Amino acid sequence: MITEPVLEIDEIQGNIIPGFRMPFQYFAGCQLGTQSNLNGFLNYLLPKITTMREALTYKDERVTRAKQAGIRGKESFSLTVEQDLFWINIGFGNKLLGKFKPDAQEVDLAYKLGLAARSSLLGDPSDTTNEGNKKNWKFGNEQNGADIFLITGSDNEAALLKKVAELKAKIKEFALTIVYEETGERLEEDREHFGFKDGISQPSVRGFVDKEQKTFLIDRLVVEGNENLSSPEFAAPGKMLIWPGQFIFGYAKQSPDSYREPAPISETEKSNFLKNGSFLVFRRLRQDVATFNTYSKTMFQQLTDTPDFQGEDYETFLAKVVGRFKDGKPVILGDQVVAPENYNNFNFNADTPAFKLRNGKQIASVKADQPGMKCPAFAHIRKVNPRDLPTDLGKETDSATFRIMRRGIPFGKPYDFDNPDNPVNETERGLLFLSYQTSIERQFERLTQKWMNEPSRPTAMGYDILVGQNGEEDENGIKWCKFMDDNRKTKEIKSEKTFVIPTGGGYFFCPSVSAVRELISKVNIAVK
Amino acid sequence: MPLQQFNTPGFADDLPADLKNKWGNLIVAWIEKERNNLPAPYAKFFFNELQHPEAADADVLPITWEGFPRHWLLEYPDAEQTQQRWEASEKLYTFKGNKFRYQDEYLEWLSFRKDGKLDRVIFTCEGPEYWQFIADQDEDILLSLYQKYVSTQVQKADLFTDAGKYNPYNKWNTTLGIMHLIQPNNTLRAEINLAAGAVVLRKNGIADPVTDTHDLICCSGFGAEERFSDPSIGAAVNALVRQGLSVTLNDPIGLYIKKIKSAGIEVPDGYQVKDFWKVTRGDKDKGMILRAEFSLPAGANFSLEDVRIGGEPLRYGAQLAEMIEMVIYGKALKLENALPQTEECGNYCNEKPAISKLKDFAMISASIQFSNSSAQPGSRMIKYDFEE
Chain Z
1 MITEPVLEID EIQGNIIPGF RMPFQYFAGC QLGTQSNLNG FLNYLLPKIT TMREALTYKD
61 ERVTRAKQAG IRGKESFSLT VEQDLFWINI GFGNKLLGKF KPDAQEVDLA YKLGLAARSS
121 LLGDPSDTTN EGNKKNWKFG NEQNGADIFL ITGSDNEAAL LKKVAELKAK IKEFALTIVY
181 EETGERLEED REHFGFKDGI SQPSVRGFVD KEQKTFLIDR LVVEGNENLS SPEFAAPGKM
241 LIWPGQFIFG YAKQSPDSYR EPAPISETEK SNFLKNGSFL VFRRLRQDVA TFNTYSKTMF
301 QQLTDTPDFQ GEDYETFLAK VVGRFKDGKP VILGDQVVAP ENYNNFNFNA DTPAFKLRNG
361 KQIASVKADQ PGMKCPAFAH IRKVNPRDLP TDLGKETDSA TFRIMRRGIP FGKPYDFDNP
421 DNPVNETERG LLFLSYQTSI ERQFERLTQK WMNEPSRPTA MGYDILVGQN GEEDENGIKW
481 CKFMDDNRKT KEIKSEKTFV IPTGGGYFFC PSVSAVRELI SKVNIAVK
Chain F
1001 MPLQQFNTPG FADDLPADLK NKWGNLIVAW IEKERNNLPA PYAKFFFNEL QHPEAADADV
1061 LPITWEGFPR HWLLEYPDAE QTQQRWEASE KLYTFKGNKF RYQDEYLEWL SFRKDGKLDR
1121 VIFTCEGPEY WQFIADQDED ILLSLYQKYV STQVQKADLF TDAGKYNPYN KWNTTLGIMH
1181 LIQPNNTLRA EINLAAGAVV LRKNGIADPV TDTHDLICCS GFGAEERFSD PSIGAAVNAL
1241 VRQGLSVTLN DPIGLYIKKI KSAGIEVPDG YQVKDFWKVT RGDKDKGMIL RAEFSLPAGA
1301 NFSLEDVRIG GEPLRYGAQL AEMIEMVIYG KALKLENALP QTEECGNYCN EKPAISKLKD
1361 FAMISASIQF SNSSAQPGSR MIKYDFEE
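Protein chains in written order, with the numbering used here: chain Z, 1 to 528; chain F, 1001 to 1388.
In short, the hints are calculated from the structure, not lab data.
Please read these numbers as outputs of a predicted model, since none were measured by experiment.
Be aware that a few hints might be false.
What the hints assert, rightly or not - Covered by chain Z, per the in silico footprint, the following chain F stretches (three or more residues, Cβ under 8 Å):
{"id": "1", "segment": "1156 to 1165"}
{"id": "2", "segment": "1262 to 1272"}
{"id": "3", "segment": "1310 to 1317"}
Glycine residues also receive a C-beta, built at the ideal position from the N, C-alpha and C atoms.
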């Protein structure tokens, strides 16, 4: 029996785990100038940083009340005793942090170089007239990158705005310059702007949240079904357990060779400054909903013009592009009736085990779909998480080491399909994408560069046609993907359109509370 | 149109018709040898396309992997070790007196430097057997090809031992130039052996059939686990057979560079990556590149260090290898109605190989075998020590 670590929940920033999940959030990117009082600002911020303990305690209460009330989603935030909260987390860009502490840049080349330097690698448009080219970003290029990134959230919109005004006054007082600010808001049923329910599949992190080692971060519901030691271990159906070192420094990592046994922390990662910290990727992704809405029908037409695929319906076509229907049900399940809490219980390579849960419930095995007849190999959810599939980058066990912890939230008002002339349709909307990981290079960038943007990998069935980018020269951004029917007949369709456009962002390090304190002392010395 | 004879890798037009035909016969012999080595019921699952004209209409299935060796990523995993990783992959190592670079993803390269700065990089993915074949058949053709692609200074005596045998480790293929693959893992036979060995479905007491990549390699003894290439190829082939399909390698059988990814390579204004990437053998449009050079365009008034890859100045060919996608092409056909019984697991991994020391990486046969004898499953799992 391998002992799982005790997570230092008073040190870890709360948006890393369990995530703010607040319905209303505000983000700000700040630059420092010669007049800035970084020390003063950090001293102001330090006691306000929302820790994993605070976020967990609140979440436990909210989820308990939500279950009792039978309410899911953002409405559950109205049920808690505490109201009008204001949570805040912080991240540092390397241009600033590298001056005081080299530890973070030593463990991640991508962080060291920054998002702007890596933009081309991520497939972002090289044409400087293109909206997605870094020169046109709202923030995050070589000129307008952020030194400090602030993440705030509240259960109440008015409370958020009030507290943000106070925060901005402090930012001004300490002579920091805001180069970017934006609010995000969770949409109905937690859908993103294309209409799909988001955030269903998140890594289930191993570890205890108490020193007594009695309470796991993720409750273990499975009593039968985890017997095969060479298979993943599940906390609940679809909740594969992953070692925390993939997301937070200072803990055992996921092994590339074993689903269950941990990999040790490398020597360079054994830094006290890194411990309990995490790298944050922020990408402001504009979603072109109108184009997606019309062009997806053109793509659907391309598919159904072929006799082998004439029976396909539009909603199933969309579900195959994403890997899930709009309500989150995985397309691999077909017509099977499954409870929403089990929407993440499926594999691609081998059938899932049958589970017996602590409450006596039996969960039947789910058939895999290695060839991609039901859930295509190019589907977004399969590209970014091949689950138990071996890939071009390693064995099936290795695939778990690429997982990221997503904390994104939509921005902008929903598109009004009923009234196409509604002025709201002319406004911007999209996703404020946030992911936490302990290697930007080997987690976020790998998923993006090697799989989403690459039609031949991990399987040569096309691009992630929803989110992927073709940044290859002379290819005009054209993407393709190949559908396969039950008789292995295939049909390739093409997209000349881009539905998701990068418009800003940055790579940041989100230190522990103690590390922020240490940074203050370093800044003090530097100032003296 | 049904295949009439196997072609030279990448349709290379180096040989007269009779020798091309002879090469095709050699491929047939290798395929048949591999089929004979399989457990009898599985021979039908690795087919010879000359015997199956219906395969002409089958989809071609690319199986891809990354050109930079995975074992160097495992050896130097940290960001601050990036430069060490690149340097190590370009060093020459000696094994039994033969020099080669530990570049084992069927892609080898040589970085040429002028005054210590990177001047050009040449990549090859041509199996040594083809070049041994040419040497055996016509020494003059071999010499002319070396002179054409490597240096006009190449002499016949440079390429052959005193005993008159072709020396693949000659100076024009090691220190002064690069013509074809020589890292002992990197052979065309290995590709065929791997594809054939991977068709057998296995059981191991836990799984029936085995689907786990590590277990498959240990059961069947094909390939080396620490590479990107072998597990990718083996897993893809085995998965097709589990679906009831028979497989083969698509003609012309070869190991190929599919492309260099230009996204991520930033070149000075006014230029494109294609101005630097010059394909000199093989077919770029078909994704069957055999040889390519990365160098400055004519008239450029800057250096290769002005090229940025992922934000880093270009200083090593290794950086380009990370941007190169390798490929083999397969085909799959439904030839059998039922799968054979799963075979018991072989015992090719008595213990998990350590990957912490270079000497432990050497999961290879002692020397390149150019004879017709088949590389037996598992032969590449033997450990040998390297001296640096």
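Stated coverage of the segment 1156 to 1165 of chain F by chain Z [criterion: 3+ residues, CB within 8 Å]: Since three or more residues must qualify, the claim that chain Z covers the segment 1156 to 1165 of chain F is violated, with 0 doing so at under 8 Å.
Residues of the segment 1262 to 1272 of chain F with Cβ under 8 Å from chain Z, three needed, outcome: Since three or more residues must qualify, the claim that chain Z covers the segment 1262 to 1272 of chain F holds, with 6 doing so at under 8 Å.
Within 8 Å of chain Z (C-beta), three or more residues of the segment 1310 to 1317 of chain F: holds (count 3)
The structure does not agree with numbered hint 1 stated previously, though it agrees with all others.
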